[in-house]
Amino acid sequence: MNDIQDIYKMLDWDSTEEVRAEGFRLAREIRDLSLLIMPPAPVWEECAEVLCEKTDAELEPHLYSFLEWLYDLNWPGASRILDRLKMIPGKKLKGPFIECINYIYDSNNDEYLIWLDYLSELLDNKQLEAELPKEIKEKLTEKLQEYYKTCDKHYVFWRENRYLLEKLQSLPREDNMIINYANRELIDDIYLHDGYFVGFCYDYTRKRLYLEVRQNINVAYHGQIIDKFFILKFHKILYFNVKGCEFWGSSEDISCIFLLEKTQLEDLKSEAKRICESYRNAMPDKNIDFLTVGIEMISGDYITIMCESLDYLEVDLMKLREEQEADSPEVE
Amino acid sequence: MIIDYTNRELIKDICLNEGIFIGCSYDYTEKELSLAIRQTISNSQTIMVDKYFTFSFLNVIYLDVQGCEFGEESNQIACIYLDEAETKLKALKSELEQNSFIGFLLDKDIDFFTVGLEMTSGDNITVICESIDYMENDLMKLREERRID
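Line by line, the protein sequences give chains L and A.
Our numbering numbers the first residue of the first sequence as 155 and each following residue consecutively.
Our numbering numbers the first residue of the second sequence as 499 and each following residue consecutively.
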């Protein structure tokens, strides 16, 4: 019988593919599933993968622990667990879910509100939603509204429209929405002026950077003339920097996005050479045509990103709303 | 624990070696960079270190991240360090002067300092900020306490 620590070690990202495959095989044989729930080793994603393969009956005794895993959706494996929980029958999930909501509600701890927000994603599970008593739904809504008041408007927008935006993201993309070195000139056609930039998430392991921009322009006498939402995903990032000195003053609005022809690639190549003379597999030395994108803020700050490609999505919210209204005129 | 310019030397006491860095999030509105690091060190028998660190860099005026994997592909941290040369901060100040910018944040009477994270891959992350809200959780100790309780 293998020690659980050995299995964790085998599952580790640093192990070879063969060892990891054996680790997965052994992990699938573990009967005490609690050993795979948020384990004391950096293999949460791997354990989540194994757990998600289990039947509803096998997972049922551990549902509360799974809900605890959702405390932070940035934790490895949390998104996977969330998706799996959305498929658990409402009758089974109802008890632990109510327990969690009551715990958060009674604790009166503001730090739990983000957890509550993540838990609310489980209402995508229509069976669960139907099972929940009115009183619990009211508690959930009350606390979420309280939480959203403390959040910035972009976050609230995203949370309130996440179903639509996630659906849009999963649609097949046109080729011209992927911008790389060959069609890099398309960047000059992206109009982000007055878009509201709140920040980004960077994934070092996958070398990806994700940012969202809401562009809402209102003009006197005409009202709202632009209401768009942009999602930009930069892939294979070699380098990025952010200057946040607010050179001209404080503002979250974007001035423009542009293509930078002068890049620091040569500097990075010399750096690679300096660090490891004999090593030729560093990213700058790979046969990739990188492009450099700049985002300039009204504040005078700017962001520079050197990447292989950029996956770009532009959603015209005004158009979408019109289409939605046309489809269901009776719905307000 | 809050680390700022006055007690910045404390950074030298933080051991993040072999900690796993998966990424970070940056809030431009608040000028805050957040990241979490899990450090698990074990030999073939037991786990010797199991810690969880959270860092919130506050009032970040500059950030740069390399993802070149100069040496090898790895998301392990080699160390966190205080960049006493302050090269990038000096460059920012000079950019401000040369362009006659107002420099809303830089002109305030704030002592910024520069922190670097060096990765085993050879990549470097540089942050210039006003302070760091830093938390170190010893998960082994927490588990032990929970067991006793």
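Mixed in with the good hints there might be a few duds.
[Said to hold, decoys possible] Computed list of lysine-lysine pairs in DSBU-like fashion (alpha-carbon distance at most 35 Å, straight line):
1. L/K280 x L/K245
2. A/K549 x L/K163
3. L/K303 x L/K248
4. L/K390 x L/K291
5. L/K440 x L/K163
6. L/K440 x A/K639
7. A/K606 x L/K240
8. L/K440 x L/K291
9. A/K586 x L/K440
10. L/K390 x A/K639
11. L/K473 x L/K440
12. L/K303 x A/K549
13. L/K208 x L/K163
14. A/K639 x L/K208
15. A/K586 x L/K387
16. L/K240 x A/K586
17. L/K297 x L/K208
18. A/K639 x A/K586
19. L/K387 x A/K639
20. L/K240 x L/K288
21. L/K297 x A/K510
22. L/K387 x A/K606
Don't read these hints as lab results, they were simulated from the structure.
What you are looking at is a predicted structure, and each value in this text was computed from that prediction instead of being measured.
Which of the listed hints are broken here?
-> 4, 6, 7, 8, 10, 11, 16, 18, 19 and 21
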